[in-house]
Amino acid sequence: MTRRHVAVTGAGPAGLAAACAALAAGARVTLIDSAEQPGGQYHRMPPEASAGHPGGLRHGRDAFLRRRSRVLTHPRCTWLPETSVWALERTGPADGPPGAGSGAPPRVHLLCGGPADGSGRTRRTLDADALVLATGAHDRVLPFPGWELPGVCTAGAAQALVKGERLVVGDRVVVAGTGPFLLAVAASLLEAGAGVREVLEAGTFPTVGRNWLSRPWELAAQLGKTAELAGSAAALVRHRVPYRLGRTVVEARGDGRVEEVVTARLRPDWSVVDGTERTVPVDALCVGHGFSPRLELPLAAGCALRDTPAGAGAGPFVVVDGEQRTSVPGVFAAGEITGVAGAPAARVEGAVAGWTAAGGDHAVPALRVLRRSRDEGRAFARRLARAHPIGAGWPGWLRQDTVVCRCEETDYGTLCAAFGDAAQAAPRVARLSTRAGLGPCQARVCGPTVAELRARLGAGPAGHGTAAEPPGHTPHRRPLAQPLRLGELAAAPVPFGSPEETPDRSGGPKPPGAADRTTPSGPVAESPEAPSSPTDPSDPTDQR
Amino acid sequence: MSPRRLPARGTADGRGERPLRITVDGRPVDGVAGQTVAGVLLAAGRTAWRRGPSGAARGVFCGIGVCFDCLVTVNGDRDVRACLRRAADGDEVRTQSRTRPGTGGSRSADAGADGYPEHGEATG
Ligand SMILES: Cc1cc2nc3c(=O)[nH]c(=O)nc-3n(C[C@H](O)[C@H](O)[C@H](O)COP(=O)(O)OP(=O)(O)OC[C@H]3O[C@@H](n4cnc5c(N)ncnc54)[C@H](O)[C@@H]3O)c2cc1C
Ligand code: FES
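Quick note, the sequences are listed as chains Y and F, same order.
Okay, so the first sequence: first residue is 1465 according to our numbering, each after it adds one.
Okay, so the second sequence: first residue is 27 according to our numbering, each after it adds one.
In short, the hints are calculated from the structure, not lab data.
Small disclaimer: the values here were computed from a predicted structure and weren't measured.
The reader is advised that the hints may include incorrect statements.
[As the list claims (entries may be wrong)] Chain F stretches covered by chain Y per the calculated footprint, using a threshold of three residues with CB under 8 Å from any CB of chain Y:
id	segment
1	28-34
2	45-56
3	70-84
4	104-114
Glycine included, C-beta positions come from ideal geometry on N, C-alpha and C.
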């Protein structure tokens, strides 16, 4: 019997659960992540903690550590840490619909081994029977005057530094933006002993409150997530940190770094109420307005996307069916790239995707349970989007000289002029003339904002684009999903072994540093041969 | 106050942590194993080490390799994201910038103004 080979990109909550379920279904799995450790954004921990010395900064990581060791030590799993997927190459006829022809999923192009952005990594290719994409999301941040000052960082950055390195960004911190993640970040900072001055939720009570308080039975289904939020809120109360609704930071000021912020009251549409400005001295400001999915790989594969209604989250997201299939045969998607609902929902989606990608039996009762739980996760995502929409009035706090594209320092005035001028307004033309989105980050940060401003300034739709009508100007379409050095591009890639062999046994060149970590060792939780059933990866003790 | 690092729980005096030393533009900076280059710099009180095209200071923004605001040169490799790169004892870190000479200077389509192609742009 030839086993199906499932390649999973991303080892966050979604990807790890996908790997676990695919192994349980009997497949051979290659799990790929550019980080050194599995865990993604959620299960980030200081290096000594992952080595088995639990630190104090993480709650209930036991279930995660169990799942991690089950996957990493499984004889049918090859774990490729420090490996980036930098391109997906479609195998069908170039002009046909994505995936047409062979029915095989795209070929995976990898950059293996070595420290982040180091030179001399090895280029490899991988052909699998199915791909699971679980590349997660990054913070979305709306621009405001002074947001480019050092000391202003994303809420996620503050969280990553405190969880991954025990580093607190400051001692007089303001956390601002929208969404429940702000609470989690403030709680982590407080727990680590940092001083948090206030947490500012831009949403006003009617919107935030109505959507969080309605249909409480739905929330009960997301007990882990709800309890986690309650825990974060309790930490704020304990430390007497004010949580203010309908207020935000409209300017950051300082000489060479942030020294104070100006906050102001907002109306429900996020227009600024004049005369409510307050100046708050800070040494750090953390901002987040929800998350943007990392769509480079789904777009490279040709997956259809769905747009979200204006203001409702930082879509578009990948379209998936009831079993996490994308529109491209053999390509599955799970986690934040399909909608932002938090780690527990990402895990369940991953399990469904992994099981199905591995050709697991559709009829097993466990899958029904998982799918129900996945649907509850989706309902939670919709609730989040409704409770924390981005108000249409936010450009009101921009000034002509406010930087919108951080890389190129393109300011709001320049964009207004370009979008007001019909000849320049076409996305590609505007991009070249204003340079917004052409810098090193390749529009990862400003892309959704520029698209939104363009639409608002009357220069046409935001134009996110789908596979069906490739617009070329979607802010997420990039030829390289990850940076690559010219020398690395010039070198010929080495294919991983035939589907019968796992890469580490193929005898071909091994990615430096990966081979020793891929050797199976230690106990295996489930029989490596007999397919079992997918287990519900959500664990009530596994929080935040 | 600036960013600061807390010692590992149960090792309040930092025992059990493996110290390391890197140089930043030739000056030694101490850290511990497991920190990223950005973490070492931040913990040493440095919030900015790169400049935008206008010359304005930049530091860590996204913390997860998305914004490219934290780029440094490590052991001769340009354009290394400091927030992703684990610091290794003896690493020679040099700061780098994307400033253009003068203001509003000419910029070519796909290279930084100082003549180097920033990562991903040259081929992208
Ligand atoms: C900085 C940050 C911190 C966060 N912290 C928390 C938190 O503390 N609590 C919380 O509830 N939520 C947090 N979130 C929200 C978080 O996105 C979800 O809770 C959860 O982690 C989503 O799981 P996921 O598996 O979909 O994606 P992720 O956890 O984001 O995992 C995606 C993985 O894919 C990898 N990857 C992406 N692209 C590639 C590629 N091309 N090649 C190889 N590997 C790739 C990444 O390295 C990453 O490990 C955070 C988000 C961010 C951006
Ligand atoms: S801080 Fe954004 S890439 Fe390093």
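For each hint, the structure was consulted:
{"no.": "1", "hint": "28-34", "result": "holds (count 7)"}
{"no.": "2", "hint": "45-56", "result": "violated (count 0)"}
{"no.": "3", "hint": "70-84", "result": "holds (count 8)"}
{"no.": "4", "hint": "104-114", "result": "holds (count 8)"}
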